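Chemist: Since chain A is already given, all that's left is putting chain H on it; use the hints.
There are 2 protein chains.
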Amino acid sequence: MAIHPVIMCGGAGTRLWPVSTQAHPKQFHRLVTDKTVFQDTVLRLGGDGFAPPVVISNERYAGLIGEQLAEIGVAPGAVLLEPVARNTAAVAAVAARHVAAIDPEGLCLLLPSDHFIGRPDVFVKAVLEAASVARSGFITTFGIHPDRPDTGFGYIHRGEPIEGSVSRIAAFREKPDLETAESYIADPAFSWNAGIFLFPATLMISELQALAPDILETATDALNSAHEVEGGRLLDPAHFGTVRSTSIDYAVMESTSHAAVYAPLDCQWNDIGTWTMINELRQNDDKGGTVNVDATNCSVHSDASHMVALVGVENLTVVIEGNRILIAAKDHIQDIKNVVTALRESGREDLL
Amino acid sequence: MAIHPVIMCGGAGTRLWPVSTQAHPKQFHRLVTDKTVFQDTVLRLGGDGFAPPVVISNERYAGLIGEQLAEIGVAPGAVLLEPVARNTAAVAAVAARHVAAIDPEGLCLLLPSDHFIGRPDVFVKAVLEAASVARSGFITTFGIHPDRPDTGFGYIHRGEPIEGSVSRIAAFREKPDLETAESYIADPAFSWNAGIFLFPATLMISELQALAPDILETATDALNSAHEVEGGRLLDPAHFGTVRSTSIDYAVMESTSHAAVYAPLDCQWNDIGTWTMINELRQNDDKGGTVNVDATNCSVHSDASHMVALVGVENLTVVIEGNRILIAAKDHIQDIKNVVTALRESGREDLL
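Residue numbers (the working numbering), protein chains in the order written: chain A, 1 to 352; chain H, 1001 to 1352.
Think of the hints as simulated: they come from the structure by calculation, not from any bench. Computed from a predicted structure; not experimentally measured. Ideal Cβ positions, reconstructed from N, Cα and C, are used throughout, including at glycine.
Output of the computed footprint for chain A on chain H, the stretches with three or more beta carbons under 8 Å from beta carbons of chain A: (1) 1289-1296; (2) 1318-1325; (3) 1333-1340.
Isolated chain A, as found in the complex (with noise of 0.2 Å):
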C-alpha cells in the first residue's frame, strides 16, 4: 500500500523554444538546478513510503528517460510507452491498472514531470499527509497558494473540510479572466490546479468504470497487450490509439464524488510555463558568454559554445542553443509558441 509516483513525461513545452523541443523537450533539460526537471521530480518522491517511479511518456523519450534515471541512480518500476498522445485520462486508467495489478492496496500519485518545486519537503509532507484521506476512498488533488491573479492556470474552489488539510472540492474553475482571477486570489477557498492526483488505483478503476467506461476498457486492452521494447513497454498501438482523447478532470474529477483537494500547498511551485519563470528561478549560470554594451534588464540563456554581444538593447529574453536563436521582448514572452507554429507551416520540423 505504497504510494506509487507515476511521472507524466509526454509533453513538449513550446513555450520553452529553442531549447524544450520535440527531440528533447522541456523536462530532460536542466533548467533551473544542475539537474534536469524530470530527474528533480524523480528524486523528490524518492523517500519513505514512495515506491520506485512509474515513467509514463511518449515512446521517443524511452532513450532518454533510460539515461536521466541511470545517471541519478533510479531503477525504475515500469516505463510505459505511449505511441500515441492520448491526454491524462488514458494516463490515469493505465496507472491504476498498473498499480492495482502489482499492489491492490497502493496508491497513484500521478503527476507531470515539468515542474519545479523549490520547497520539496513541504510538497512531500502535503502527499503523505493527503495519503491517509486518499486511502479512505478520495481522489485528491493539489490545490497551490496563488501568489497572483495568473489567467494561465485553472483554479480549484474549495468546498467542507475533510480532515486537515484536505477539504471537499466545490467546484474546478477554468482558466479565468484577469478580473475574475483577482476575485480569487482575494478569497482565500480558491487555489491553482497543479494538475497533481492522488489516489488508491480501485478508486480510479471503478469511478473511471462508472464516469468512462470506454476509455477505461480500450487502455486496459492496450496495457494488457503491452510488449516489451528497449528501455520499456509499448502499450499496445491499436488499442491505445483507439482510446478516446480527454482529461482525467473531464473524464472524472469534475463528476465523481470522491474529489478532494489538499489546500493550500505553499511548495514554491512553478509550473516553468515561460522563460520569465525560469529567468526568476534560475539557479545555474549560463554556460556561454555575454558581452553587455549599455543594454538593461536582459536575460541570456546560451548553450557553451555562443557568445553573445548585446548592445543597447532592454528588456528582451535571448535563447541560443544551437542553430535555434531566440530573441524575445519580454513582455511578449507567451508568443514563443507561434514561432513553433510558424516553423511547423514551413516545413522546419527540424528545428521544432
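Modeler: Chain H only, in chain A's frame:
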C-alpha cells in the same frame, strides 16, 4: 605612365563585428554584392588606363588576398605585406617607391579596399579625368558629395578651380560636430574626404622628401630589404617597424602646395562603416532563416546554419556569424566597437 591602383587592405573594421574579425576583416566578406568588398574594389579598376593592382596589407592576410584574387582571375602587380601597421604615410611612401621603380612616370591611385561604390563607371571616369591634372603635378583627393551632415567623416573645403572638376584645396576639416556638419553640407564647396589619393609616384617621393624625410627613408629601406614570402613580399620588419606612424593627410596633404580635390564626386560611395549602412545597400539575401512574430524594423544577417526567431521586438540589428551573436539597438549601432574592446579586455582574442 599608367594608373597603378594601390589597394590598402590591412585594417579590421571593428564596428562590423561579429562578421568582421581580425582573422577575416570586413573587406574580405561578401557584405553587399556577391563578391567581397576587396574583390569589387579590384574589379572596378581593371579597365583601360590601369596597371595591375598593387595590394598592400598586413602579412596575416596574404592567404585571403591570394585566394580572393584567384577567384576573380586577377594577377596582381605586387602584393606588399606589412609586418606591423604603420598608417597611411608609410603606405604612400612604399607605394610611390614601388611604382616609381617599375614605371617612373606612373601614377598611384592609393585607396582603401573596404568602400562600396554603387556607380563604378562614374568613379572611374572621375579618376581618369583627375589623372590628367595629377600628371601636371598634383596630389589629387576625391571629395564625395555629402548627402547628410555626417559627423564621422573629415571634410574638404575646395578652393580655386584648376581644370574641370578639379580644384585646389582651401582646407581640410576634421570630423565636425553636428552643427558644423550642417553648415558644411549647406555649402557646395564642402565634400567628404574619401581617403583616396591620385598622384605621380615621383611627386609623392619629392613631397615626402621635403615634408617627412624620415618616413620616406625608413619606408624605402623596408621596401629595398623586403623578401619573398608565401603570397607576396614582406617589407623588412626591422626597418618597417621604425617608420613613424602617421597619416598621409598629416604628413603631406595639409602642408603640400600640390594638393587638389576632384569634387563633387557623386558615385554612390559608402564606407560600409556600420551595419545600418549595409542594411541600406544590401543586394544579397540572408543565408540563414528568420521567423518573425510581431517584430518590426529589424535587420537580421545570419550565416547559413542558424535560424533566428524574433518575437515582439523592434529596431534591432542582429548578426550571427559562427559562434558569435550580436544583438544591437539600431540607434546604438556605433557602439559595437565597444564589444570588441570588452572582448579584448577579457582575453577573448579568439572571438575578435
